[in-house]
Each structure stands twice: as structure tokens, then as C-alpha cells.
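> Same order as they appear, the protein sequences are chains A and B.
Number 29 in the numbering used here belongs to position 29 of the first sequence; there are no gaps in the numbering.
Number 16 in the numbering used here belongs to position 16 of the second sequence; there are no gaps in the numbering.
Hint data in this document are derived by calculation from the structure and do not stem from the laboratory.
Idealized CB from N, CA, C, for every residue including glycine.
A portion of the hints provided could be inaccurate.
[Stated by the list, open to error] Covered stretches of chain A (chain B as the covering partner; in silico rule of three or more C-beta atoms under 8 Å from a C-beta of chain B):
1) 98 to 112
2) 436 to 448
[As the list claims (entries may be wrong)] List time: in silico SDA-like cross-link candidates among lysine to any residue, alpha-carbon distance up to 25 Å:
3) Lys-426(A) with Val-51(B)
4) Lys-426(A) with Ala-66(B)
5) Lys-426(A) with Ala-74(B)
6) Lys-426(A) with Gly-189(A)
[Said to hold, decoys possible] Computed from the model, here is a short list of chain B residues facing chain A with C-beta under 10 Å:
7) Leu-28
8) Asp-31
9) Val-34
10) Glu-38
11) Ser-47
12) Arg-49
13) Leu-57
14) Val-63
15) Ile-69
So you can see what is in the structure, the chains are spelled out below.
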Amino acid sequence: MTIGPLSETGREPPPEGLAPEDLSPEDIARSRDRQRVHRARHDGRRWYLLWLLAGPGILAMLGENDGPSMVSYTATGATYGLGLFLPFILLTFAMAVVCQEMSMRVGAVTHRGYGKLVLERFGPAWGWFAAGDLLFTNLVTLIAEFVVIRVGLAYFGLGSGVAAALGIVLVVFTLNRGRYWRWERILLGLAVFNGLFLVAALMVKPHWAVVGHSTGAFALLPSGSVNTLLLLVASTVGATVTPWMVFFQQSASADKGLTSLDLRHGRLDTIIGGTLAALFGCGAFIVGTALAGRRNASGQGLVGAGFPGELAHISGSAVASVFALGLIEAGAVAILTISASTGYAAGECIGLTHSFNNSPRRARLFYGANIAVALVAAAIVLIPGAPLLSIALNANVLATVLLPVTLVFLIMLATDRQLMGRWVNKRSTTRVAIAIVAFVSVCGAAYGVDSFLRAAHLI
Amino acid sequence: MAYPTGRPPGTPANREPREGGADLQSYLEPDQLVAGTERPVPRAQLSRRAVAALWALRIFVIVLSAMVIYTFVAQLRLCGGRTKSHRLRHAGIRRGLMESLIQGAVLGHQRRAAAPGRLLLGNQGARRNDKPGN
Numbered sequence: 001m002t003i004g005p006l007s008e009t010g011r012e013p014p015p016e017g018l019a020p021e022d023l024s025p026e027d028i029a030r031s032r033d034r035q036r037v038h039r040a041r042h043d044g045r046r047w048y049l050l051w052l053l054a055g056p057g058i059l060a061m062l063g064e065n066d067g068p069s070m071v072s073y074t075a076t077g078a079t080y081g082l083g084l085f086l087p088f089i090l091l092t093f094a095m096a097v098v099c100q101e102m103s104m105r106v107g108a109v110t111h112r113g114y115g116k117l118v119l120e121r122f123g124p125a126w127g128w129f130a131a132g133d134l135l136f137t138n139l140v141t142l143i144a145e146f147v148v149i150r151v152g153l154a155y156f157g158l159g160s161g162v163a164a165a166l167g168i169v170l171v172v173f174t175l176n177r178g179r180y181w182r183w184e185r186i187l188l189g190l191a192v193f194n195g196l197f198l199v200a201a202l203m204v205k206p207h208w209a210v211v212g213h214s215t216g217a218f219a220l221l222p223s224g225s226v227n228t229l230l231l232l233v234a235s236t237v238g239a240t241v242t243p244w245m246v247f248f249q250q251s252a253s254a255d256k257g258l259t260s261l262d263l264r265h266g267r268l269d270t271i272i273g274g275t276l277a278a279l280f281g282c283g284a285f286i287v288g289t290a291l292a293g294r295r296n297a298s299g300q301g302l303v304g305a306g307f308p309g310e311l312a313h314i315s316g317s318a319v320a321s322v323f324a325l326g327l328i329e330a331g332a333v334a335i336l337t338i339s340a341s342t343g344y345a346a347g348e349c350i351g352l353t354h355s356f357n358n359s360p361r362r363a364r365l366f367y368g369a370n371i372a373v374a375l376v377a378a379a380i381v382l383i384p385g386a387p388l389l390s391i392a393l394n395a396n397v398l399a400t401v402l403l404p405v406t407l408v409f410l411i412m413l414a415t416d417r418q419l420m421g422r423w424v425n426k427r428s429t430t431r432v433a434i435a436i437v438a439f440v441s442v443c444g445a446a447y448g449v450d451s452f453l454r455a456a457h458l459i
Numbered sequence: 001m002a003y004p005t006g007r008p009p010g011t012p013a014n015r016e017p018r019e020g021g022a023d024l025q026s027y028l029e030p031d032q033l034v035a036g037t038e039r040p041v042p043r044a045q046l047s048r049r050a051v052a053a054l055w056a057l058r059i060f061v062i063v064l065s066a067m068v069i070y071t072f073v074a075q076l077r078l079c080g081g082r083t084k085s086h087r088l089r090h091a092g093i094r095r096g097l098m099e100s101l102i103q104g105a106v107l108g109h110q111r112r113a114a115a116p117g118r119l120l121l122g123n124q125g126a127r128r129n130d131k132p133g134n
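With these hints in hand, go ahead and build the complete structure from the sequences.
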């Protein structure tokens, strides 16, 4: 169906057969948010407009600066010191910004989430595959988040039970009230504390001249092993770009009510998120360099009190406490965003209501999936003797391996002129995105095959 | 031309919504309303080559995932984590200590010089000549 020309009042008519009183509570909540955006734009209040429109990009980026990623950056710093990885982390975040910008753009222009669009545009098989991939990786990643929260809490003498309870209480608490805006602002408030990693980096007093030099110098690994290099590259990519981020940002942009008018701010939101995440990730990396030379430093991250315990010996309890709190925050924000992406995917694929602008009573499946996936992950963490460390170690691998399919469909959607109109991908963007897919696929394959051959004792 | 989302993308760019609570819907684009988003987007016409390429990518990903899962299972078998945990529990060792023991064992054989801690996979082989920093 094609909507007719604009009326004399400048308004478009509502969809056929829809009277104003037929607006759903979700429409009304979203309209109120859009009303504020319209007024801010009309009055020329630029900063307020940015405040209103920021959210999905920052949350996706800082959500991906999750507990396991921060442990990973710290472990990399502890093992290799400054060198290859500091500039490489910045490069992977640039890749993430390219992918997330496409995701935001598709969500804002089509007003539909990733799962729903793939399902409708390419058929149910691809839609369900995408949702299945997402559910699987989300569950594994959520377990890893709970493990990292436990590591942070262990420094303060608290155990797995508290970690599980904290995660679940946060999910249930933030889902209250049925407003996307409220949920997003609570998460943004929590995500600010991702900056604790930067604070910890400042507290370990690194040599800034050396840090500055390392950022500009892209040195290769001393060993020069291609396999090892690919292994590290793939895993660092997996710590920066993941399938859930694509699902989350597209669905959240649609749920927030972003439109094609807001693309500039959406882009800014994504870039700010990427910059903050890169900065905080580098903070964790620099903290890790303080641990360089410690015995077993690379493996300490997920054992007992992990890196905070090690840091306490080297840099004092204040740095260790800040770092431990950072880990708890990183895990908590990731639990909330990853659960949300699961809820969005479930609602979109099954075809039921999937919005934070609905009350839990009206969107049972959405809220149910949100809580259920977190509950399952928490329950697994509480199982005595469960192979938590192995699960946590494999979370990034799975994300990297499954990412190419997600990205290919994202590129197909973003280059679909019929769907995107004048907001279709530029050629240069598509080329960069294809290069990213090729890069991720090669690295993921090298990593997967290498691990398999070693596990099967073939090399 | 029929547009997948029900309107030419970008149509509402010049729209000026009315003020006032009764006119809330004017702040949303028509296909942004719940009723609008419920209209399904028509299927894209993919060429045979595109479909074949998509299936090839899907199979590639499934095979790779199977490899990763195999590695995960092999890793568990190698460490015997679960069996060990049961034994420890039967021996009356408290849980916190037990987890440290299991996780210590998991990490013990891993090659720490090769990769960051969380990225190591099972039997990624501590080679004799691997040294930290190498």
C-alpha cells in the first residue's frame, strides 16, 4: 500500500481504518517521546535534542564493553603489554561503529527490528536461523556475564548466589513501568560507571608517553605466527562486534521511535558510544599492563577474585575495588541489554508485541523472554560444578563465528533501495561493510579450525 | 510503486505535527504506529545465486559452530571438571574452594603466552617452547 500525498495541514493521514482513539498504549507512549523531540527540534535546542535522541548507540556499545570483554582486554594487556592491541582495539571499535550505524539507520527508516525484517523480507527460515543464533549466543554470553559479576563480587567477599540475585533483580527492576524512555535512562545511568575502568587506568599511573606512542605504532606480534595472530584478532573482534548488538540497536531505535529525521543524531549517538567504549576498553587494557609479568596473569581474570585480587597486591586496594566495581557494572549492563535483545528477537519472530512502551501485561512474551533468558543463565551459574569458565571462554568464539551471517543480512537490508529509499547504503559504506564481513569470516574460521584441530589432536 | 514499508521512505521529512494531546498520532509516521508495523514487508526476490550464497554461508557457520562446540566438549572431557567436582563435593570440600580448584585445573594446561585468558580454548596446547611474551 502507498500512502497518499500530504494533506493541506501538512499531516499524513493515519493508516486506513485507524481512528485517533484506536491508538495503542505503545503508540501513545512513543508519540509523547516524539512530541518532545519535535519541540526540541522546533525550538532549536540542540543539546537537549541530542539528549533525547541518544541512547541505543551508547547502550549497544557500552553493553558490549561487557564483563568478559573487559577481562579479555585486561588479560591481553597483562600478557602482551602495550603494542599491537591498543591500536587494534581502536580499529575494532571503528568496525563496530560502521556496523551499528547501519543497524540504527535500518531501524529508524523502516521502524522494524532486525529479526522482524529478516523474517518478512527473506523468509521464515532465515528469520528463525537468525533468532536461533541470537538465543544461543545470548545465553552463553549471559552466563559469562554472571561469571564476571561473581568475580567482581568475590573481591568483596560475596558469592555466586548474590551475583545471580543481583542480575535478576536488576532485570526485573528495569522492566517495571512499561516505558522505553525510563528503561533506557536507567541503563544509561548504569552504563556511565563503565568509566570506572578509565578511573582504574588513571590510578595505576601508566607512562602516558609510552601509551601515546603505542597507540600510533601498529606493531605486529613478536612471534609472527599467523595462526596466533588470527586467533587473537578474531577474539578481539568478537569482544567488540556481536550479533546481539545488531539486533539490539535496530530494535531499540525502532522502539525509541527514531525516524529518518533523526539519522544524524543516531549516528552521533553511535559514534559517542563507540568512542566511550574504546576509551574504557583501553582503560581496562592499560590496567592489565600493570599486571604484566605476574604469574598466570592471563588466566587470572575469571578465577576466584580474578584480576581485582591481583591488582590489590600491585596497585593497592583502591584500584582493585574500582576495577571490581567496574566488572560488576559491565556485567550488569550487559545482562540488561542482552536480555532485551532476546526479548525483541522473540517478539519479532513470533509476531507478538515487543516494546518497552507496553506494560508487562500487554507484552507477556517480550517481558517473559527478557526475564527467562536471564533466569536460565543465572540458574546455570548456580549449578555446582558447572563448567562456567569453559562457557565464558567460548562465549566470544561463538559470537565471532556466528557474526558473518548477521552482518550479511544487515548489509542486504541496508542496501535494499526499496526498503531504505534515499537512506540506502553508500557504495563506500557497503564496501567497508563487506570487507568487515570478509575479515570476521576469515578470522572466525581460522580460530574455529585451529581450536578444532588442536582439540582433535590433528596438529 | 508499492513500497515495502507502506510509504516511500523519507516521505514524512517535511511533516509539521500539530500541537496538543489529542493529536498525538501526528508525531508518529504512519508506518511507525503499531497498526503500521504489523503490515508485513513483502518478500525480497533473491536470485538463485544469492540464495545459494546465503546457504553456503549458513552451512559454513554451522560447520564452524560444530567445531567450536566439539572443542568445548573435548575441553570438558579433558579437564573432567564435572566428575572432579562431584568427587570433591563427596569429599566434603566446600564450594568456593572447589570452584577454584576446578578452574585452576582448567587454566593450568592452557598456553598463557598465546592468548588472553578468556579466549583460550581447551587444548590449545601448552607447547614447550611457548613462553610469556613470545
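> Hint by hint, say whether it matches the structure.
So, going through the hints one by one against the coordinates:
no.	hint	result
1	98 to 112	holds (count 4)
2	436 to 448	holds (count 4)
3	Lys-426(A) with Val-51(B)	23 Å, holds
4	Lys-426(A) with Ala-66(B)	36 Å, violated
5	Lys-426(A) with Ala-74(B)	45 Å, violated
6	Lys-426(A) with Gly-189(A)	34 Å, violated
7	Leu-28	5 Å, holds
8	Asp-31	6 Å, holds
9	Val-34	5 Å, holds
10	Glu-38	8 Å, holds
11	Ser-47	12 Å, violated
12	Arg-49	13 Å, violated
13	Leu-57	6 Å, holds
14	Val-63	8 Å, holds
15	Ile-69	8 Å, holds
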